[in-house]
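The task is simple: from the sequences and hints, build the whole structure.
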Amino acid sequence: GAVVSQHPSWVICKSGTSVKIECRSLDFQATTMFWYRQFPKQSLMLMATSNEGSKATYEQGVEKDKFLINHASLTLSTLTVTSAHPEDSSFYICSVPLAGADTQYFGPGTRLTVL
Amino acid sequence: LAKTTQPISMDSYEGQEVNITCSHNNIATNDYITWYQQFPSQGPRFIIQGYKTKVTNEVASLFIPADRKSSTLSLPRVSLSDTAVYYCLVGGGYNFNKFYFGSGTKLNVKP
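As given, the protein sequences belong to chains L and Z, one line each in that order.
Each residue of the first sequence is one higher than the one before, starting from 1 at the first, in this note's numbering.
Each residue of the second sequence is one higher than the one before, starting from 1001 at the first, in this note's numbering.
Treat the hints as calculated values from the structure; they're not laboratory data.
Accuracy of the hints is not assured; some may be wrong.
[To be verified] Computed spacing ranges between beta-carbons, pair by pair:
1) L:Pro40 - Z:Thr1005: 17 to 25 Å
2) L:Glu63 - Z:Pro1065: 39 to 47 Å
3) L:Pro86 - Z:Pro1040: 15 to 23 Å
4) L:Lys41 - Z:Lys1110: 18 to 26 Å
5) L:Lys41 - Z:Asn1057: 25 to 33 Å
6) Z:Ser1079 - L:Arg111: 20 to 28 Å
7) L:Leu26 - Z:Ile1008: 28 to 36 Å
8) L:Lys64 - Z:Lys1003: 20 to 28 Å
9) Z:Pro1111 - L:Gly53: 49 to 57 Å
10) L:Leu26 - Z:Pro1076: 38 to 46 Å
11) Z:Glu1017 - L:Gly53: 29 to 37 Å
12) L:Pro8 - Z:Lys1054: 39 to 47 Å
13) Z:Arg1045 - L:Leu76: 17 to 25 Å
[Said to hold, decoys possible] Calculated pairs, SDA-like style, for lysine to any residue (alpha carbon to alpha carbon, straight line, at most 25 Å):
14) L:Lys41 - Z:Thr1072
15) L:Lys20 - Z:Lys1052
16) Z:Lys1052 - Z:Pro1007
17) Z:Lys1003 - L:Arg24
18) L:Lys41 - Z:Val1078
19) L:Lys14 - L:Asp65
20) L:Lys41 - Z:Tyr1013
21) L:Lys66 - L:Ser15
22) L:Lys41 - Z:Ser1009
23) L:Lys41 - L:Asn70
24) Z:Lys1052 - Z:Pro1065
25) Z:Lys1054 - Z:Ile1064
26) L:Lys66 - Z:Tyr1100
27) L:Lys41 - Z:Ile1047
28) L:Lys41 - L:Leu74
29) Z:Lys1106 - L:Lys66
30) Z:Lys1054 - Z:Thr1072
31) L:Lys64 - L:Arg24
32) L:Lys66 - Z:Ser1041
33) L:Lys14 - L:Pro40
Remember, predicted model here, so these are calculated numbers, not experimental data.
We treat Cβ as the ideally placed atom computed from N, Cα and C, and that holds for glycine.
As structure tokens, then:
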């Protein structure tokens, strides 16, 4: 399976600042990556699909101007939380799908805390 | 998109076999069934995937009846370290579809 990393593993920031989270596919070229958000004791919620070479597609209710996604290369996607607020505090997870296998491999997650 | 339904939680004891059933009545012809395990503050980890009948790997078995409207994840001889949330997902086709997570099943393994 694919090996996926995320950086940073945790971050604390002040309200109003922007935070960038990186997702890297270490051994697989990914034209698509997915971003999820998970609040405590809840399930994962799909936020957006990151597409290499084109704009990301966002799920209903997710503000695209607040959660900026850039798929810079076949191995890197970034999620930037702009003007973060305490309600954005969550666990952010990315995944890399393997075409033809209907399987996704997930990163370790990034814990964001906004003060 | 196929919606999945699982029990919210299950309790077991070390050494027992645990079966977690997932309902997916609207599964499409080309959907696969995949199970993931998630520990607190970690990303989900792939456990097993199947399309029909039975699939077995080194950690689990997956039973899928002929109508594919449900599936059962079987964990043999669980240990305390198997305490986690288990998610059943269905995804379709030769082009991967988005995965929408259900509530998952919190498995509590007791000594």
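Results for each hint:
In this structure the hint that Pro40 of chain L and Thr1005 of chain Z lie 17 to 25 Å apart at CB holds, the actual value being about 22 Å. For Glu63 of chain L and Pro1065 of chain Z, the Cβ-Cβ distance of about 42 Å falls inside the hinted range of 39 to 47 Å, so the restraint holds. Checking the proposed 15 to 23 Å range against Pro86 of chain L and Pro1040 of chain Z shows it holds: the Cβ atoms sit about 21 Å from each other. Between Lys41 of chain L and Lys1110 of chain Z the beta carbons are some 20 Å apart, a value that agrees with the proposed interval 18 to 26 Å.
A hinted range of 25 to 33 Å holds for the C-beta pair Lys41 of chain L and Asn1057 of chain Z, which are about 29 Å apart. Here the CB-CB span from Ser1079 of chain Z to Arg111 of chain L is close to 27 Å, well matched to the stated 20 to 28 Å. Hint check: Leu26 of chain L to Ile1008 of chain Z, Cβ distance near 35 Å, so the stated range 28 to 36 Å holds. For Lys64 of chain L paired with Lys1003 of chain Z, a C-beta distance near 25 Å keeps the hint of 20 to 28 Å intact.
For the hinted restraint 49 to 57 Å between Pro1111 of chain Z and Gly53 of chain L, the CB-CB distance of approximately 52 Å keeps it satisfied. For Leu26 of chain L paired with Pro1076 of chain Z, a C-beta distance near 31 Å fails the hint of 38 to 46 Å. Range check, Glu1017 of chain Z to Gly53 of chain L: Cβ separation about 47 Å, and the 29 to 37 Å hint is violated. Taken as a hint, the range 39 to 47 Å holds for the pair Pro8 of chain L and Lys1054 of chain Z, whose Cβ atoms sit roughly 41 Å apart.
One distance hint, 17 to 25 Å for the beta-carbon pair Arg1045 of chain Z and Leu76 of chain L, holds here, with the actual separation near 22 Å. Among the hinted pairs, Lys41 of chain L with Thr1072 of chain Z is consistent with the structure: their alpha-carbon atoms are about 23 Å apart, no more than 25 Å. For the hint pairing Lys20 of chain L with Lys1052 of chain Z, the CA-to-CA distance comes to about 41 Å; that exceeds 25 Å, so the pair is violated. For the given pair, Lys1052 of chain Z sits about 22 Å from Pro1007 of chain Z by alpha-carbon distance, which is consistent with the 25 Å threshold.
At roughly 29 Å between alpha-carbon atoms, Lys1003 of chain Z and Arg24 of chain L are farther apart than 25 Å, so this suggested pair is violated. Simply put, Lys41 of chain L and Val1078 of chain Z have alpha-carbon atoms about 23 Å apart, close enough for the 25 Å limit, and the pair holds. Among the hinted pairs, Lys14 of chain L with Asp65 of chain L is consistent with the structure: their alpha-carbon atoms are about 19 Å apart, no more than 25 Å. Annotation: proposed proximity of Lys41 of chain L to Tyr1013 of chain Z holds, straight-line Cα distance about 23 Å (limit 25 Å).
Distance restraint check for Lys66 of chain L and Ser15 of chain L: the Cα-Cα separation of roughly 13 Å lies within the 25 Å cut-off, and the hinted pair is therefore satisfied. This hinted pair checks out: Lys41 of chain L and Ser1009 of chain Z have alpha carbons roughly 12 Å apart, not beyond 25 Å. Between Lys41 of chain L and Asn70 of chain L, the direct Cα distance comes to roughly 29 Å. Violation of the 25 Å bound is thereby established for this hinted pair. Pair hint Lys1052 of chain Z plus Pro1065 of chain Z holds up; C-alpha atoms about 7 Å apart against a cutoff of 25 Å.
In summary, the hint linking Lys1054 of chain Z to Ile1064 of chain Z is supported, as the alpha carbons are separated by about 6 Å, within the 25 Å threshold. Taking the CA atoms of Lys66 of chain L and Tyr1100 of chain Z, the gap is near 22 Å; set against the 25 Å cutoff, the hint holds. Between the alpha carbons of Lys41 of chain L and Ile1047 of chain Z the distance comes to roughly 21 Å, so the proposed pair stays at or under 25 Å and holds. Among the hinted pairs, Lys41 of chain L with Leu74 of chain L is inconsistent with the structure: their alpha-carbon atoms are about 32 Å apart, more than 25 Å.
The straight-line distance between the Cα atoms of Lys1106 of chain Z and Lys66 of chain L is roughly 32 Å, outside the 25 Å bound, and the hint therefore fails. Between Lys1054 of chain Z and Thr1072 of chain Z the alpha-carbon distance is near 10 Å, which keeps this suggested pair within the 25 Å criterion. Note on Lys64 of chain L and Arg24 of chain L: the hinted pairing holds, with a Cα-Cα distance of about 21 Å set against a maximum of 25 Å. As the CA atoms of Lys66 of chain L and Ser1041 of chain Z are separated by approximately 24 Å, the hinted pair is consistent with the 25 Å bound.
With a C-alpha separation of about 20 Å, the suggested pairing of Lys14 of chain L with Pro40 of chain L holds against the 25 Å cut-off.
Violated hints, listed in ascending order, are 10, 11, 15, 17, 23, 28 and 29; each of the other numbered hints is respected by the structure.
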